[in-house]
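For the sequence shown, numbering that gives the first Met the number 0 gives the first residue as 0, with consecutive numbering after it.
It is worth saying that the hints were derived from the structure and are not from the lab. All figures in this text were calculated on a predicted structure; none of them were measured in a lab. Possibly wrong hints are sitting among the right ones.
[Unchecked claim] Label pairs and their calculated CB-CB ranges:
#1 Leu1035 - Glu113: 27 to 33 Å
#2 Ile960 - Phe901: 45 to 51 Å
#3 Leu1022 - Phe1113: 23 to 29 Å
#4 Glu178 - Leu538: 14 to 20 Å
#5 Leu538 - Phe901: 49 to 55 Å
[Claimed, not checked] Once the Cα atoms are required to be at most 30 Å apart in a straight line, the calculated DSBU-like pairs of lysine-lysine come out as:
#6 Lys890 - Lys876
#7 Lys728 - Lys764
#8 Lys100 - Lys764
#9 Lys100 - Lys176
#10 Lys616 - Lys684
#11 Lys1040 - Lys907
#12 Lys678 - Lys271
#13 Lys100 - Lys757
#14 Lys678 - Lys323
Don't be surprised by glycine CBs; every beta carbon is placed ideally from N, CA and C.
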Amino acid sequence: MANIEELKQGVRISGLIPNQIVTIQSVEDFGPSLQVTYREASGRLDEAILSSEQIASLVVVQQHQLHFDVSVADDFLLAAEATRIRHGVQSDPFLAVHGSKIEPLPHQISAVYEYMLEQNPLRFLLADDPGAGKTIMAGLLIRELSLRGAVERCLIVPPGSLVEQWQEELENCFGMKFEILTPDSLRQHREEVFQIYPRMIARLDMLKRNEEILGWISKNSWDLIICDEAHRMAATAYGNEVQKTRRYMLGEVLSRASRHFVLMTATPHNGKDLDFRLFLSLLDPDRYAGLYRSKDPIRLNSDFFRRMMKEELIRFDGTSLFPKRLSKVSCYDLSDSELSLYREITFYVQTEMNRAQRLESSKRVNVTFAMIILQRRLASSTAAILKSLQNRKGRLESQLENFLSGKITETSDFLDVETDWDEFEEDCSIEEWENISEISSSITAAQNIEELKKEIQTVDLLLQKAVEIRNLGCDAKWKQLQEVLQFPELIRDGKRQKLLIFSEFRDTLAFLHQELVSVFGYSSSVVSIHGGVSREERLRLLNEFRFNPEVIVLLANDAVGEGVNLQQCHLMINYDLPWNPNRLEQRFGRIHRIGQTKLCYQWNLIAHQTREGQVFKRMLEKLEIARKQLDGKVFDVLGQVFENNPLKDMILEALLAGEDAIRQNAVFKKLDSLMDTEKIREVLKAKAFASEVMDMSRLLKLREQMERARIQRLQPHNLRDFFLRSLKKLDLRFRIHADGSIHLIRIPAYLSDFVQEKLPSSWDKITFDREIARQTAELSLISPGHSLFEAITAKVLSLGRAALEGGTILAMDDAKQNSPFLVCAVKMLVTDSDNLQRPVFEELRWLIMDSSLVPKEAGTGILLDCRPLTEVEQTVKDIDLDWVFQMDLSKVIATGAIQLFFDELQAKISQRQERIEEQILEIRTRLNAEILHLSNRAEGFRDKVDQGEQSYLGLEKNARIEMERLEIRREQRISTLMRQKNLRVISPRLVTCALVIPSELLQDSSSSQNSWSTYEERRRIELMAMQAVIAKEIQLGNTPKDVSDQNLGYDIESKTTNGDLRFIEVKGHSPTRTEIHLTRNEALKARNSPDKWILALCLVDADHTREPAYIQGFDFGEPGDFGRQIQLSVKELYNKLKPSGK
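Build out the structure end to end from the sequences listed, making use of the hints.
Laid out in structure tokens, this is it:
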């Protein structure tokens, strides 16, 4: 229990905040009460007025006392490693990459690590082209922010057709589980669903339509919200008015509900700057909202915007990411009977759509939709139209029976509200689309019994003709497909290549499946995927197509049109063409995607006698002309070409024109104008709006960063070693399989208390190697952030907390100095005045300090080379350690940390302050322009009032109210930014400290005589060897850099003439030395990057050195226990060496 006298500046207390120890900053006496200002462990300042009863309930925590208990060395080393892993970003800046199953590309790394992670808070528009892997970038972002403690609650809002793809990719690639928000979960949990599942995926239009859900989202505080296909959140400026769609208003709600907010779209700009500013205002309404009054161009700063085009994306070797692709038209003639059926059904469709014009709005829209579906099925196959006519006849007859019996008084309306079917088709899942397409066969323009009877007769006649054609086996399209199957591009070395065939309709797929199996001669040659295939079966069939050589053809509708990677195939056929050009691009994107290395071919089957066939043929021919003239760079252009003039509308116009030549010519004239090469060039120019190109200098810099991170990574070896040691420490039973994976036989229930989820009772097939995990689906890839790993790490830290706080004494073999020194971990924090609960920067830094008290920065892995003292070493007395215990270590270490790291933190502070100053300038400029505009309007209205026109009085009042509101908002926002700009470095906090003694000082006289050399001689040989290796690297044309004092696990970083890095560990030795040693840190780095880590042997004989020799890619064996070295025979190593530089 505490008393008033004990509460002073610097005292640490518990009981004020649950589960936290805080440090008192100041105390003010208020009679019977005290006002206490305190700092939490996070760096956040707060204050409280405490009564005498509350003071009595507090507990004074003894100050952090370093007593260096040698008996806790094992616990200390394990807990220190857990601490290092918890702050893994200091060791491995690409921790999320190395803990996932992905192999990211330069533009993906750049987006996440150069752009988005640099912003806090993050408000960002990621506008890369389709196929760039924005889902991968989002996954990396979520993973990194989670590892840095910045994201616990995350909501992803994609279109409905993409929700499962998001869920699958985040789990399969990153091991992150997201729940999909469903009507069932909403009914069961109501608003608590967002608390039960902190990581959720919700369909865009599901949220748009439900005000109650939006209210629940607003009540919850989200760390990160990501909106995919965000261009659908559109608003349009008309004069002085802004028309907001419901999706746009949803975007406004989501923006306000989250600290970090990311919009993702490949089409951010529709060609109208005002609309684009409105879109950007979802990120920051103060910078962009309203109707901008300035003529200045939009400034797209890198703090909130990044766009890269597909044509400019490259690999790390500088080669183009996407191969060339060719799209070809394959035309065919319908038979006379097929052409007759086509014309009669098309006439029926025209008639019904014309009759629908007399209907009220919602029914007119739905009839049009039903007729479009019928026409599309007609163009797909005889099988599809036959099934549609059968269904339509049956459903209309059922309605007639209900009419005659009095059950209904009007025909089915399908939906009771007006619907935008273009939006609906884009947003709904394939399963929903197939179901609605089926139901639509009951929609009719008939208004009474007589009209319904007449329509049934018409449908029956059409059905009879379709049956006749099927029975005759007359199918011109199928014959054309058979011809395409014989094209030389589809056959290589006498073997058929894998082929993807798309059709919109399940009945067409079933027909093709049967016919193709007959052609190939065995049932396993063809697999089919559509909306009726379960998720698990879909994945199985996709893998069969990818990896089973017996499977030749994948038949699919647009269930695989988005989000499926089929780069194992480079050939595809569109058996029928979708009326949405985006779907056409998405189909080709299944094979023409990241990872594809071959020239991609697409054949489009077109009946050129049909109206829609003529439109498609003209469009594709024009696109091919543009492709040739624009050097093939017409990727993903059709969606933007037809953005304001939908292709669907042109096809409908061609159908409704019938034999009217004037109307037909008008359609083709408009199409020719849109598809003109110069117009496409303009579209490409607009598409490239504010895009950037990654030049070779940026690429080389990024590649260097990745190579350095790869050799320093924690995954897999450091993490696996820590995990196994922790299991032994916690006395958990486990088994290691022959493939190296781990079976944790029993997981105690108490571990679940450390994480947000209930852990299973056991866990088999655990691996830390992402290369192995990519090849074996049943393996669980474990890394920081995984619930099991986090639980075990937390338990180790709880057990080792006392050892960390008290410190220990350790030994180091072959130390680079010959006197005892301290190894310290300190937490460096930077806060602002706006959000004291969250540090702006937080880093765990390592330093060493000897009796000179001069601090030196240490590598994060320095303790890997330290070990507990042996019993004999613990008895050594004649080592001078008085300097350690004769001063205030915490103060000395904090001072040293400030000397080492303050300037670096100050540079980061300056960069952040510059960005905030830019925001302040932009916000002040925009809001001042808006305020001036409102002021002028108000004065204009006042003039009218003064002239006696009293009707303008209300307008003047409204303008002045809005002007006052903007003035208040301007001052509030600038005040907030000024608080965010007020950054300061918090006093460094000591996390742990160890006293390290070079093992040579701990040896008795007999063992010292047996040592291979004295410290001075060893250092002389090491320095001469270093000089020899550096000279050799320069001779080879490389650029070496001495990093031996940074404890990185190698001594020299050398850059070759082509920009590659090599990491060289130098081992100098005398002629009499028979062994050399690899430290644990060195051995781990050798295993991390065997193709880049080089062991350089250099014989030093008196004052002469021989030419260094290199060993590369050699397996030096598993690293030993903490501080234990691997002993290697000098003779055996020379037998394995290769000349340096090769």
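Verification of the hints:
Take leucine 1035 and glutamate 113: their Cβ atoms lie about 31 Å apart, and the range 27 to 33 Å holds. Against the hinted window of 45 to 51 Å, the Cβ-Cβ separation of isoleucine 960 and phenylalanine 901 comes to about 49 Å, which satisfies the hint. A beta carbon spacing of about 25 Å between leucine 1022 and phenylalanine 1113 agrees with the range 23 to 29 Å that was offered as a hint. Evaluation of the 14 to 20 Å hint for glutamate 178 and leucine 538 yields a pass: the beta carbon distance comes to about 19 Å.
In this structure the supplied range 49 to 55 Å holds for leucine 538 paired with phenylalanine 901, their Cβ-Cβ distance being about 53 Å. Between lysine 890 and lysine 876 the CA atoms are separated by roughly 27 Å; this keeps the pair inside 30 Å, and the hint holds. A distance of roughly 21 Å separates the Cα atoms of lysine 728 and lysine 764; the hinted pair therefore holds under the 30 Å criterion. The straight-line distance between the Cα atoms of lysine 100 and lysine 764 is roughly 16 Å, inside the 30 Å bound, and the hint therefore holds.
With a C-alpha separation of about 15 Å, the suggested pairing of lysine 100 with lysine 176 holds against the 30 Å cut-off. Taken as a hint, the lysine 616 and lysine 684 pair is honoured in the structure, with Cα atoms around 25 Å apart against an allowance of 30 Å. Using a Cα cut-off of 30 Å, the hinted pair lysine 1040 and lysine 907 holds, with the two alpha carbons roughly 25 Å apart. With a C-alpha separation of about 17 Å, the suggested pairing of lysine 678 with lysine 271 holds against the 30 Å cut-off.
With a C-alpha separation of about 24 Å, the suggested pair lysine 100 and lysine 757 falls inside the 30 Å cut-off, and the hint holds. Between lysine 678 and lysine 323 the alpha-carbon distance is near 22 Å, which keeps this suggested pair within the 30 Å criterion.
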